[in-house]
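A.B. asks: Sequence:
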Amino acid sequence: MSHFTTIKVQIKNGDVLHQILQELGYQVELNSQVRGYMGDKTHAEYVIKQSNGYDLGFRKNGENYELVADFWGAKINQQEFINNISQKYAHKTLMETIQTEGFNVEEEEVLADGTVRVLVGRWV
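All residue numbers for the sequence shown refer to my numbering, where the first residue is 9 and numbers rise by one.
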């Protein structure tokens, strides 16, 4: 019986996801097996191998990615992990869109609650 749990995340661009995972210091294997309880395995496009044998993986499901792991053995705070990656993904995607649309970042600050405030402008 599999112990894997999947959690949908609002991430569509795998290349950006891969960059973020690397920026956060994770060693990422591409198109690999996610290890879980009693040697169970499942495939994912991006896999963070953990020394305890319980890996974290992101796999494509439709248009979005989902996080797949045996969280009992992975020993991570799921919500904190997902929130951190989601925030970094949103920020990186925003910055790419700003550049593509010809805007400049005028000001950027991190508020006390962790929210990132970005002020953009464009000369017309």
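One or more of the hints may lead you astray.
What the hints assert, rightly or not - Straight-line alpha carbon distances no greater than 25 Å define the calculated DSS-like cross-link-like pairs of lysine-lysine that follow:
id, residue 1, residue 2
1, Lys-68, Lys-96
2, Lys-96, Lys-57
3, Lys-68, Lys-100
4, Lys-16, Lys-96
5, Lys-20, Lys-68
6, Lys-68, Lys-83
7, Lys-68, Lys-16
8, Lys-16, Lys-49
9, Lys-49, Lys-68
10, Lys-68, Lys-57
11, Lys-83, Lys-49
12, Lys-16, Lys-57
13, Lys-49, Lys-20
14, Lys-57, Lys-20
15, Lys-20, Lys-100
16, Lys-100, Lys-57
17, Lys-20, Lys-96
18, Lys-49, Lys-100
19, Lys-16, Lys-100
20, Lys-57, Lys-83
21, Lys-83, Lys-96
Hints in this document: simulated from the structure, not taken from any laboratory.
Bear in mind the structure is a predicted one, so any value in this text is a computation, not a measurement.
A.B. asks: Compare the structure with the hints numbered earlier in the document and write down the numbers of the violated ones, lowest to highest.
C.D. replies: Hint 18 contradicted; others consistent.
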